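Asker: Now for the letters of each chain:
Protein chains: 2
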Amino acid sequence: MVRYKAIIAYDGTNFSGFQSQINGRTVQDEIEKTLSKIANQTIKINGSGRTDAGVHALGQVIDFAWPFEQSLEKLRFALDTQTPGDIAVKQVELVPDSFHSRYLAKEKTYEFRVDIGKPRSPFRRFYTSYYPYELDLEKIKRALPDFLGTHDFTSFCSGKSAVKNKTRTIYEADLVISESGDELLFTFRGDGFLYNMIRIIVGTLLKIGNGNIRHDAIPQIIAARDRDAAGPTAHPEGLYLKEVKYE
Amino acid sequence: MVRYKAIIAYDGTNFSGFQSQINGRTVQDEIEKTLSKIANQTIKINGSGRTDAGVHALGQVIDFAWPFEQSLEKLRFALDTQTPGDIAVKQVELVPDSFHSRYLAKEKTYEFRVDIGKPRSPFRRFYTSYYPYELDLEKIKRALPDFLGTHDFTSFCSGKSAVKNKTRTIYEADLVISESGDELLFTFRGDGFLYNMIRIIVGTLLKIGNGNIRHDAIPQIIAARDRDAAGPTAHPEGLYLKEVKYE
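These protein sequence lines are chains A and B, in that order.
Just so it is clear: in the first sequence, position 56 is 56 by the UniProt record's numbering, and no numbers are missing.
Just so it is clear: in the second sequence, position 186 is 186 by the UniProt record's numbering, and no numbers are missing.
Chain A on its own, in the form it takes in the complex:
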C-alpha cells in the first residue's frame, strides 16, 4: 500500500457538505465511490477538515491509502473525469505513510466573497453572499487588523462546536474590492479555524460596515468569549477553502 495526497476543488452548491453523513450527497462519498471503483476495492479518504453545505473549495486536501504505486497524472485524470462535474481534481502526489490531511495541517486560507452589486448578479447567486445594505468599507478595513494574532475565539465559534481549545492564530485578514466595485473579497489565513468562525467574522464585519457595530469593537467582542457578543453568521455560499499548507 502507498499513500496519495490530492488537491481538489468543488462547487458546494449541490452538496450537503464535505463529510459523509447518513443523509445527503457529500464530497467525501462521491470521491470514495469513484476511488473504490477505480481500485476495485473499498477506499476511504481523510480530508483536511469539513466544509458545510453550500461552502466551496478551491484547494481542499485529501489523502488515501492505495493498493499500488501508479502514474500520478493517470490517477489524477481518472479521478477528475470519473467524479461528477462539481468536483475537480487538481493535483495528486505520493506522500509518506505517516501523512494525514487533518492532523498535519499547519495553515489554512479561506476566502469569503460578498456581492454588493445592485441588482444581485444571477451568475453569482450560489458563489457569493449577497449584501444589499449600505457599507462603509473604511470601517471594515480599520477593524480587520484586530483579528490578527493569537486569541481565544469563543465569540466567533458556533455554539454547536465540541472543540475545547478555542485559541487560534490569524496571520492574515484582508479585504480587496473588485475592479467593477460590486464584489468584496475577504481573505483569512491562520493556523486553523473554529466551526463557523470565518462566517461569524464576516457577519460581524458587515455589521461594522453597516454601522450597527462600532469599528473598534472587535477587541471587546473577542474578550467577551461569548458567541452572542459577535454579529450573525454570514451565508455559506460566499465561503471558499482556498489552500491548506503542511510542513
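There could be a bad hint or two in this list.
Copies of one chain are not kept apart here, so a pair can be met inside one copy or by any two copies together.
Once the Cα atoms are required to be at most 35 Å apart in a straight line, the calculated DSBU-like pairs of lysine-lysine come out as [claimed, not checked]:
| no. | residue 1 | residue 2 |
| --- | --- | --- |
| 1 | K166 | K5 |
| 2 | K141 | K242 |
| 3 | K141 | K74 |
| 4 | K118 | K242 |
Quick caveat, the hints were computed from the structure, so don't treat them as lab data.
No experiment lies behind these values; they were computed from the predicted model shown.
The hints should help you fit chain B onto chain A, whose structure is shown.
Answerer: Just chain B now, kept in the frame of chain A:
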C-alpha cells in the same frame, strides 16, 4: 398606457430559452407572470431576440405596455425582487409607444467564454464551454479579422433557420485571454446575428486553433454558403448576449 424598456440579465442554465414555448420554463414566461401580478392584468413583453436553452444574458432588452406611469426604480426593484433569482432587472426606462426591442435593434454584442484550464473548473461548468484540446491562439487571432464586414453568413447559420436574408455586418471580432490563462473571451459585435451564428463561428475558430481547419480558410468557408463547410456548433453554456443598442 405607457411603454417601458428594461435591461435584464439571466443565468440561462435552468431555462429552456428566452422565448415562451409549450413546454419548459422560459425567461419570457417568468417575466410576464411577474409583471402581470404587479399590474394585476395580463402583460406581454417583446424581447430583442431569442436565446437558446443554456445561453445567458448580461444585457437582454425587453419592452412592454404598462397601464400607468410610475417610479422607474420602484418598478425595477419590484420586478427584480419578484422574479426568480436567475433573472436580474438592471434598468427600466420610459420609451415612446413606437419602441420595439426586436424591430428597432441596431447593434448586438455577444460574448463567448471558453474554459481551457486543466482540470475544468467546477465553478464555470454552466458558464463556459470547455475545450480540453491543444490550441494555437495565434492561429485563431489571425482568422478573426476575416469575419469583419458585410457577408452572406449562410455557412454560419443553423439549417433550422427560416430567415431568408443571411447577410449581416460584423463590426468587431475579438479574443482576450484571461490573466490566469485558463479562459478565452470572444467578443462579437454586429448589426445582427443568425440562428447559432456565434456558436458556429466559435466552433470553427476552435477547430482552427486545434489545427483541423486552416487559419486562412474563413473566406472560402463564407463563400461556400454551405453550413457543412464550417466547423461544429459550440456548446450554449459559453454564450452571453451582452448588449443591444438602439438609435
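Asker: The structure should be examined with respect to each hint, and the outcome stated for every one.
Answerer: Tested hints:
1. K166 <-> K5: Within one copy, since 28 Å is at most 35 Å while 55 Å is not.
2. K141 <-> K242: Answer is both: 21 Å inside a copy and 34 Å across each meet the 35 Å cutoff.
3. K141 <-> K74: between (45 Å within a copy, 33 Å between copies)
4. K118 <-> K242: Close inside one copy (27 Å) and across copies (17 Å); limit 35 Å.
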